[in-house]
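Enquirer: As given, the protein sequences belong to chains L and C, one line each in that order.
One rule links them: number in the working numbering = place in the first sequence (from 1) + 3.
One rule links them: number in the working numbering = place in the second sequence (from 1) + 5.
For the record, the hints were derived by calculation from the structure and aren't laboratory data.
Computed from a predicted structure; not experimentally measured.
Even for Gly, the Cβ is constructed at its ideal location relative to N, Cα and C.
There could be a bad hint or two in this list.
A few chain L residues facing chain C, derived, Cβ under 8 Å [claimed, not checked]:
hint: 1; residue: Cys18
hint: 2; residue: Gly20
hint: 3; residue: Ala32
hint: 4; residue: Glu107
hint: 5; residue: Asn110
hint: 6; residue: Val122
hint: 7; residue: Phe124
hint: 8; residue: Gly128
hint: 9; residue: Lys131
Restricting the straight-line Cα-Cα distance to at most 27 Å, the calculated cross-link-like pairs of lysine-lysine (DSSO-like) are [said to hold, decoys possible]:
hint: 10; chain 1: L; residue 1: Lys111; chain 2: C; residue 2: Lys217
hint: 11; chain 1: C; residue 1: Lys489; chain 2: C; residue 2: Lys260
hint: 12; chain 1: C; residue 1: Lys133; chain 2: L; residue 2: Lys42
hint: 13; chain 1: C; residue 1: Lys243; chain 2: C; residue 2: Lys347
hint: 14; chain 1: L; residue 1: Lys131; chain 2: C; residue 2: Lys222
hint: 15; chain 1: C; residue 1: Lys133; chain 2: L; residue 2: Lys111
hint: 16; chain 1: C; residue 1: Lys268; chain 2: C; residue 2: Lys529
hint: 17; chain 1: L; residue 1: Lys42; chain 2: C; residue 2: Lys489
hint: 18; chain 1: L; residue 1: Lys87; chain 2: C; residue 2: Lys217
hint: 19; chain 1: L; residue 1: Lys42; chain 2: C; residue 2: Lys583
hint: 20; chain 1: C; residue 1: Lys222; chain 2: L; residue 2: Lys111
hint: 21; chain 1: L; residue 1: Lys95; chain 2: C; residue 2: Lys217
hint: 22; chain 1: C; residue 1: Lys388; chain 2: C; residue 2: Lys532
hint: 23; chain 1: C; residue 1: Lys268; chain 2: L; residue 2: Lys42
hint: 24; chain 1: C; residue 1: Lys242; chain 2: L; residue 2: Lys42
hint: 25; chain 1: L; residue 1: Lys42; chain 2: C; residue 2: Lys319
hint: 26; chain 1: C; residue 1: Lys222; chain 2: L; residue 2: Lys5
hint: 27; chain 1: L; residue 1: Lys42; chain 2: C; residue 2: Lys532
hint: 28; chain 1: C; residue 1: Lys481; chain 2: C; residue 2: Lys583
hint: 29; chain 1: L; residue 1: Lys131; chain 2: C; residue 2: Lys286
hint: 30; chain 1: C; residue 1: Lys242; chain 2: C; residue 2: Lys286
hint: 31; chain 1: C; residue 1: Lys237; chain 2: L; residue 2: Lys131
hint: 32; chain 1: L; residue 1: Lys95; chain 2: C; residue 2: Lys229
hint: 33; chain 1: C; residue 1: Lys229; chain 2: L; residue 2: Lys5
hint: 34; chain 1: C; residue 1: Lys242; chain 2: L; residue 2: Lys131
Letter by letter, the chains look like this.
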Amino acid sequence: MKRLAVVDVNLCVGCQGCLFACARRFGDAGLSRSAIHVKSAGGIERGFIVTVCRACLDPPCAKVCPTDALKPRPGGGVILNPQKCIGCGNCKEACTINAVFWDEDTNKPAICTHCGYCVDFCPYGVLKLEEREGGISV
Amino acid sequence: MISEDPLRTVLYIDLSKRSFWTEDRRDLFEQYIGGTGVAINLLQKECRQNANPLGPDNPIIFAVGPLTGVFPLASKTVALFKSPLTGNLGESHAGGRSATAIRMAGYGAIVIKGASETPVYLVIDSDKVHFKDASALWGLKSSFTVGRIIREQEDGAGLRTIMRIGGAGEKMVSYACVITETYRHFGRLGLGAVFGSKKLKAISVSGRRRIKVENPKTYRELYKEVFNRTVKSPAMKKYHDLGTAVNISPLNELKALPTENLKQNSFDQAGGISGESIAEKYLGRRVACSHCPVSCIHLATYREPYASEPYFYKTTMVGYDYELIYSFGTMLKISSPEGLLKILDEVEKYGLDVMSTGVALAWATEAQERNLIPSEGDVNGAKLRLQWGDYDTYIKAIEYLTDQPNDFYKALARGVSYASSKYGGSEFALSFGGNEMPGYHTGPAAHIGHLIGSRHSHLDGAGYSIDQQNLKEPGKSTPENIAKALIDEEKWRQILSSLTICFFARGIYDIDTVLKTLSVLGYKLTKDDLTRIGSEILREKYQFKIREGFNPRNITIPKRILETPSPHGVISEDTIRKGVESATDLLEKL
Ligand code: SF4
Ligand code: SF4
Ligand code: SF4
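Looking at chain L on its own, in the form it has when it is part of the complex (with noise of 0.2 Å):
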């Protein structure tokens, strides 16, 4: 299984195509289903931090979730069944790296399903597919 990791932060410009071309997925315009996120680190000067699903394989916000709509993924990270899904953001809590968003449209978490769509649209390399290798998450 692939998961999408970030290849080297400094080459970001924050640009935010990667988080546009996520809400795409779904046909969408905009940014409410978005499952990556880029901020300043403290002021653009700085640089980037970029916040992707790191894909855990025992994932914490699984394990939360009352209603299992949350089901681990084979390969790490977790798969959302929105009609299970009620909406409590307890996954958004538990999330230790803060890669569960909110999408206030539908009232359920935006989840990163691993697809890689948003790795064509960042024109400078920060993000990539990557096969995972063994079964610790690094």
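Start from chain L and add chain C with the ligands according to the hints.
Expert: Chain C with the ligands alone, transformed into the frame defined by chain L:
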């Protein structure tokens, strides 16, 4: 447009009453697209005739367009207001995250009316507007510090824009700017002073809206096509690699680079401050506006030693661009790149428009040379003798422009047109319709454009580019042809700025691309519609200018531009007058 598109929502904020409300203006966005088109209509309505630009009757209008947050490079916010510098139309565009933030917060435009009695900053977080006490921020001269404090206080990191003013805006310097994301600006025509007059220190906006499109599949494909064209385009590569600073060397060679208050047309020491040279030695980082793959923003690393302690340095990132190098480097003959970066950092700190400030100081230097300002330039008894290239003294002068400790700096803070009306020296005051000159002495088209353009800047009709084309075919350089080319370009630019597309991307967004991208959002427009709408918007802008006192038939030509030769030779007054005349005829027929 698609019926649920939040673009149609206009947010009104009244600072006097501390209230806000929204209005559905789908009609406006359908008729005038967005950006400039919508904003000029709102300004006509909200700004009372003869309103004091620094009074509560002068509204601030921000507008974005349908493509913002939907396609790349629709990354600008248009701000319209009545300019304290020219007394008529104030129009300024800025990128950063401002445009996507406004669109993602769910608005097509924001209208700020009235004035606050006490310092305030606004936080616009989707459908909520918070009026926050800014007493603790008022008096902070450094725009950097304001940004830092609000970043710590408010949510929305990564998605928000923080528009703010420094000391110059508070003190209502007529060409104070508004800074957004530290390195982008509503630079020209004094929006910062309008903020200051309303006691408005900053505005933070953020949101994460969804925008529906007509056909997701077509949308995704078209996006990919526009994106791929952008990243492969050699034109965009130029902006990415060296940025606009790449133009220093060619314009210098062409002898079109205003130097020493345009006593000269080239700078023999430009080598050290060229785009290539600064990039090689100082470029530290490149950043992008939100939703723009190009990343043309170039930040230089400037290291300044502390005098008090050895091996102790302050390291700052300083944004630079062609216009900045022109207005401080060549106009003031600062050939030391470090001196240049140091002074640019100061200008950024106080929040002044770099172009106007550089031109104002260039005029002041020459006026002092000619003894037009006997002792008035001195502050508290101390002599402040401005000298070409002496950046430490210029840094002091920038502080004085902000603080205005005497009559001379008070006058200079109102622009060169005003200062020269008081002290003389209007022959070498490089003011065009009240706005200070941008960095192009390329020939008659540039100057005709600055004189009649709706913003009196190089951004109106791109006269500099017409001049350069005409060098190849000198026969074309007649006043009538120039006027027509300028007005045609201005008309098309109204469409681009109504879509809030960055002008650097004008090669990507040709008319067919514009129509295709708009159709994704449910706009059913034709080429003819765009041509008509472009003319209408331009007409509305001139109506506003004329209503507020602008008279294209009575313009002042700075003599200096007729003395120093351009690549087209010495420009004759007759050519300029005829060009302005025919442009005015065309404008009246719009
Ligand atoms: S969302 Fe966070 S917790 Fe869940 S799998 Fe991804 S990184 Fe781990
Ligand atoms: S891999 Fe797919 S789901 Fe994850 S951030 Fe990129 S586009 Fe979004
Ligand atoms: S697309 Fe790439 S460069 Fe742009 S913000 Fe995302 S990671 Fe950074």
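Enquirer: All hints, please: hold or fail.
Expert: Tested hints:
1. Because the beta carbon of Cys18/L sits about 4 Å from the nearest beta carbon in chain C, less than 8 Å, this interface hint is met.
2. Given the 8 Å rule on beta carbons, the hint for Gly20/L holds: about 5 Å separates it from the nearest Cβ of chain C.
3. A distance limit of 8 Å between C-beta atoms decides the matter here; for Ala32/L the minimum to chain C is near 4 Å, and the interface restraint holds.
4. Hint status for Glu107/L: holds, given a least beta-carbon distance of 6 Å to chain C, under 8 Å.
5. Here the hint on Asn110/L is broken, as its CB sits about 12 Å from the closest CB of chain C, past 8 Å.
6. With a cut of 8 Å, the hint placing Val122/L at the interface with chain C is violated, because the nearest CB-to-CB distance is about 13 Å.
7. The beta carbon of Phe124/L is positioned within 8 Å of a beta carbon in chain C (closest approach about 6 Å), and the interface hint is therefore held.
8. Proximity of Gly128/L to chain C is violated relative to the hint, the smallest CB-CB distance being about 12 Å (cut-off 8 Å).
9. Interface restraint check: Lys131/L against chain C, minimum CB-CB distance 17 Å, threshold 8 Å, status violated.
10. Using a Cα cut-off of 27 Å, the hinted pair Lys111/L and Lys217/C holds, with the two alpha carbons roughly 18 Å apart.
11. Of the supplied pair hints, the one linking Lys489/C and Lys260/C holds, its CA atoms being roughly 25 Å apart against a limit of 27 Å.
12. The suggested pairing of Lys133/C with Lys42/L holds, with an alpha-carbon distance near 22 Å, which does not exceed 27 Å.
13. The hinted pair formed by Lys243/C and Lys347/C meets the criterion: a straight-line CA distance of about 26 Å does not exceed 27 Å.
14. Distance check on the hinted pair: Lys131/L and Lys222/C sit about 24 Å apart at the alpha-carbon level, within 27 Å; holds.
15. Between Lys133/C and Lys111/L the alpha-carbon distance is near 21 Å, which keeps this suggested pair within the 27 Å criterion.
16. Proposed proximity of Lys268/C and Lys529/C is contradicted: the alpha carbons are some 52 Å apart, above 27 Å.
17. As the CA atoms of Lys42/L and Lys489/C are separated by approximately 45 Å, the hinted pair breaks the 27 Å bound.
18. Distance check on the hinted pair: Lys87/L and Lys217/C sit about 25 Å apart at the alpha-carbon level, within 27 Å; holds.
19. This hinted pair does not check out: Lys42/L and Lys583/C have alpha carbons roughly 52 Å apart, beyond 27 Å.
20. The hinted pair formed by Lys222/C and Lys111/L meets the criterion: a straight-line CA distance of about 24 Å does not exceed 27 Å.
21. For the suggested pair Lys95/L and Lys217/C, the alpha carbons sit about 25 Å apart, so the restraint of at most 27 Å is met.
22. Using a Cα cut-off of 27 Å, the hinted pair Lys388/C and Lys532/C is violated, with the two alpha carbons roughly 61 Å apart.
23. Under the criterion of a C-alpha separation no larger than 27 Å, the hint pairing Lys268/C with Lys42/L is inconsistent with the structure, at around 46 Å.
24. This hinted pair checks out: Lys242/C and Lys42/L have alpha carbons roughly 24 Å apart, not beyond 27 Å.
25. For a cut-off of 27 Å, the pair hint linking Lys42/L to Lys319/C stands: about 24 Å separates their Cα positions.
26. About 25 Å separates the Cα atoms of Lys222/C and Lys5/L, which keeps this hinted pair within 27 Å; it holds.
27. Between Lys42/L and Lys532/C the CA atoms are separated by roughly 39 Å; this puts the pair beyond 27 Å, and the hint is violated.
28. With a C-alpha separation of about 15 Å, the suggested pair Lys481/C and Lys583/C falls inside the 27 Å cut-off, and the hint holds.
29. In summary, the hint linking Lys131/L to Lys286/C is not supported, as the alpha carbons are separated by about 31 Å, beyond the 27 Å threshold.
30. At most 27 Å may separate the alpha-carbon atoms for a hinted pair to count; Lys242/C and Lys286/C meet this at roughly 20 Å.
31. Straight-line distance between C-alpha atoms of Lys237/C and Lys131/L comes to about 20 Å, which keeps the hinted pair within the 27 Å bound.
32. About 31 Å separates the Cα atoms of Lys95/L and Lys229/C, which puts this hinted pair outside 27 Å; it is violated.
33. Note on Lys229/C and Lys5/L: the hinted pairing holds, with a Cα-Cα distance of about 23 Å set against a maximum of 27 Å.
34. With a CA separation close to 23 Å, the supplied pair Lys242/C and Lys131/L stays within the 27 Å bound.
Violated hints, in rising order: 5, 6, 8, 9, 16, 17, 19, 22, 23, 27, 29 and 32; the structure is consistent with all others.
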